[in-house]
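Peer 1: What follows is the residue order along each chain.
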Amino acid sequence: MEKFEVLQSTAVPLPTENIDTDQIIPARFLKATSREGFGENLFRDWRYDSNGNRKEDFVLNDTRYKGQILLVGKNFGCGSSREHAAWAIYDAGFRVVISSSFADIFRGNALNNGLLPVEVSAEVLERLFAQVEQEPQTQLIVDLQGQVLRVPVWEEAFAFDIDAYKKECLLHGYDDIDFLVSQKEAIEAYEKTRPWEY
Amino acid sequence: MARTLVDKIWDAHVVRSIPGGLDVFYIDKHLIHEVTSPQAFEELEARGLPLYRREQIVATADHNVPTRNQHLPIQDPLSRSQVSKLTENCQKFGVELFGLGHQHQGIVHVIGPELGITQPGMTIVCGDSHTSTHGAFGAIAFGIGTSQVTQVMASQCLLLSRPKKMRITIDGQLQRGVSAKDLVLHVISVLGTGGATGYFVEYAGSAIRSLSMEGRMTVCNMSIEMGARGGMIAPDATTFTYMKGRPYAPEGAKWEQAVAYWGTLFSDEDAVFDAEYKFEAEAIAPMITYGTNPGMGMALHTAIPTNVAAGEAASFEKSLKYMGFAPGESLLGKEISYVFIGSCTNSRIEDLRVVAEYVKGKQKAPHVEAIVVPGSKQVETQAKAEGLDKILADAGFELREPGCSACLAMNEDKIPAGAYCVSTSNRNFEGRQGPGARTLLASPLVAAITAVEGKIVDITQYLN
Ligand code: SF4
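Chains A and B are the protein sequences, given in the same order.
Following the working numbering, the numbering of the first sequence begins with 1 at its first residue and continues without gaps.
Following the working numbering, the numbering of the second sequence begins with 1001 at its first residue and continues without gaps.
Since the hints were derived computationally from the structure, they do not count as laboratory data.
Quick reminder that beta carbons are idealized off the backbone N, C-alpha and C, glycines included.
Just to be clear, a hint being listed does not mean it is correct.
[What the hints assert, rightly or not] The calculated SDA-like cross-link candidates involving lysine to any residue, where the alpha carbons are at most 25 Å apart (straight line), are:
#1 LYS184/A with GLU1043/B
#2 LYS1321/B with LYS192/A
#3 LYS166/A with LEU1049/B
#4 LYS166/A with THR1197/B
#5 LYS31/A with PRO1435/B
#6 LYS1318/B with LYS31/A
#7 LYS31/A with GLN1070/B
#8 LYS3/A with ARG1047/B
#9 LYS1318/B with GLY39/A
#10 LYS167/A with VAL1014/B
#11 LYS66/A with GLN131/A
#12 LYS192/A with LYS1254/B
#13 LYS66/A with PRO15/A
#14 LYS184/A with LYS1092/B
#15 LYS1008/B with GLU185/A
[As the list claims (entries may be wrong)] Looking from chain B toward chain A, a few residues come up when the C-beta cut is under 8 Å (computed):
#16 GLY1020
#17 VAL1035
#18 GLU1045
#19 LEU1049
#20 LYS1085
#21 THR1146
#22 SER1147
#23 CYS1157
[Claimed, not checked] Per label pair, the in silico range of CB-to-CB distance:
#24 ALA1275/B with LEU171/A: 30 to 36 Å
#25 TYR48/A with GLN1257/B: 55 to 61 Å
#26 ALA157/A with ARG1080/B: 40 to 46 Å
#27 GLU191/A with ALA1275/B: 29 to 35 Å
#28 ALA1275/B with ASP62/A: 36 to 42 Å
#29 VAL1308/B with ASN51/A: 29 to 35 Å
Let the sequences and hints guide you as you build the complete structure.
Peer 2: Given below as structure tokens:
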């Protein structure tokens, strides 16, 4: 996993609420057996029509908006547990997703892949949408160590929460597997004392 | 101290707690399927790690499989390669596989319970969000991503923080024609698609107690549709009767010992939940969804709302546009061209019986294509033994072979763009049943009546 420390970037605004993982990456693109290449099909059916032509009014096809930050409506990533959704967003070049809430499994999947979910209040999210839509070149700064999202044009900063362990993992590029494997002794000891033997 | 059901099972599975609030959490059973496991096996190999407890894993092929001619090679090359990758990995790592053609093959959340693999008090995970289904037995069961699949393969553990607890109590008696599916669609329509995010939900109350195991599974299955990590129901005599004699259930002295332990799995009287909701069963009517998330549901005889919850306006408008509906519109009389009866929500034998009972001696409307996809080979076999295949065929319904099918349209069972499908599955997301497909979620009974009438009707008029 890649390290994440500080990111400064413009943002791509997608103000729809309850975006499910079927929209992020439709099921028919889940047939690959490796992790690569999902970015091409990110938001596939919103980005392209059935003939494969770009839908000009969709934000990823709008040349005004660029950047490594995806700004989305509340309850982002609900539905299927497919980690392919996090892979697709990452593969398309994003490193941060900002919303007012995330679905649980999506949040975990994102963190396990170096994609940082940043949760802000509904009010701040609304202001961000307005700002970015009006001035697409607005720079945002996400500082993981300090756990703040800075908006230099407003001269404001917003704190965000992240689990302390997950933060360390992201800052150093570690993942849970190494840690869990290091717990083998404790796990074996536990297995001998399980309350009910399944 | 008084504890909730989820806390009792949680406490019993903590290997150790680490500073910062995370637990090394032990997983008893790991279910895998062809879509979310290949990258996990690949990662395990890339890191040179062994599979830690292969005997605690069960695999099946369900998402991609065709529902016709399963004895022939899969035609779609990508699906074929994904399914054969699963077979290859299971052979290489020594994992038990119920692949195509196996008498136990089926949708992962249907086969676990019917084989007795799913048991009370267990922790169960699968790279699939509807793992919540297994909570119907009083297990902690939840969906995980592929990175976590790798973690469980490597260590039989996950690093988790203890979830928040919600209790949803439904007392009273369901009206005629109202099923577990209507009950859960009703709850989701009230709480909304993110209403239980971060929670494990325990369902309680007399209406839940009187549900069969099939009905309980339907309710727990859809917990994820309101954002919950899992749903649970405390095990009771209904649970034990269902489990007894299943191939993987304990036997003899072990059964006695198990039942004694399972009997301790309930929320103590004074246990405190982080959130509580109460519903009356009598107030629940047959339901249907009108939008593109499962929270957008309503009683069949009512109309699409005109006012939307704060902060939902953008998705509400987009959703109705996609569905071709208008605010305030009633769906009664809407012509429907596809009916899909299947998925891990409603493809068990009880669901098929409900459908067969209603359609017996009737005919589907000529313009409707109605398919019934059993959840497993065992359900299919049982349906045939009971003669349901014959009843369905006579009524113009096609009984297929088991798999996820049109629930997510990864195989060839797709609904064409623009067409309406009344489906017993769990998700009405845009394009879920095929690009441009329009899904209306409902119970098996509503689906059956819709197929016969060829349009949406208020089913209460059709029950005698
Ligand atoms: S039937 Fe549908 S919801 Fe259930 S496991 Fe299969 S794809 Fe997922």
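Peer 1: Is LYS1008/B close enough to GLU185/A, meaning Cα to Cα at most 25 Å?
Peer 2: 24 Å, holds
Peer 1: Sort out whether LEU1049/B lies within 25 Å of LYS166/A, counting only the CA atoms.
Peer 2: 22 Å, holds
Peer 1: Keeping to a limit of 25 Å between CA atoms, is the pair of LYS184/A and LYS1092/B held or broken?
Peer 2: Satisfied, since the Cα-Cα distance of roughly 23 Å is no more than 25 Å.
Peer 1: LYS1318/B and LYS31/A were given as a pair; does the straight-line alpha-carbon distance stay at or below 25 Å?
Peer 2: 28 Å, violated
Peer 1: Measuring from the C-beta of VAL1035/B to each C-beta in chain A, is the shortest one below 8 Å?
Peer 2: 5 Å, holds
Peer 1: Is 30 to 36 Å right for how far apart the beta carbons of ALA1275/B and LEU171/A are?
Peer 2: For LEU171/A against ALA1275/B, whose Cβ atoms are near 33 Å apart, the range 30 to 36 Å holds.
Peer 1: Does GLY39/A sit within 25 Å of LYS1318/B, going by the straight-line distance between their CA atoms?
Peer 2: Holds: LYS1318/B and GLY39/A sit about 24 Å apart, inside 25 Å.
Peer 1: Could you see if the CB distance from ALA1275/B to ASP62/A stays within 36 to 42 Å?
Peer 2: Between ALA1275/B and ASP62/A, where Cβ atoms are some 40 Å apart, the hint holds.
Peer 1: Grab the minimum C-beta distance from LYS1085/B to chain A and call the hint holds if it beats 8 Å, violated otherwise.
Peer 2: With a closest approach of 5 Å, the LYS1085/B hint holds.
Peer 1: That 40 to 46 Å hint for ALA157/A and ARG1080/B (C-beta), does it hold up?
Peer 2: This hint is violated: roughly 52 Å between Cβ atoms.
Peer 1: Below or equal to 25 Å on CA atoms is what counts here, so check LYS66/A against GLN131/A.
Peer 2: Since the Cα atoms of LYS66/A and GLN131/A sit roughly 14 Å apart, the hinted pair holds (cutoff 25 Å).
Peer 1: Would you check whether GLY1020/B satisfies its interface hint, that is, whether its CB is within less than 8 Å of any CB in chain A?
Peer 2: 4 Å, holds
Checked against the numbered hints given earlier, the structure breaks hints 2, 6, 18, 26 and satisfies all the rest.
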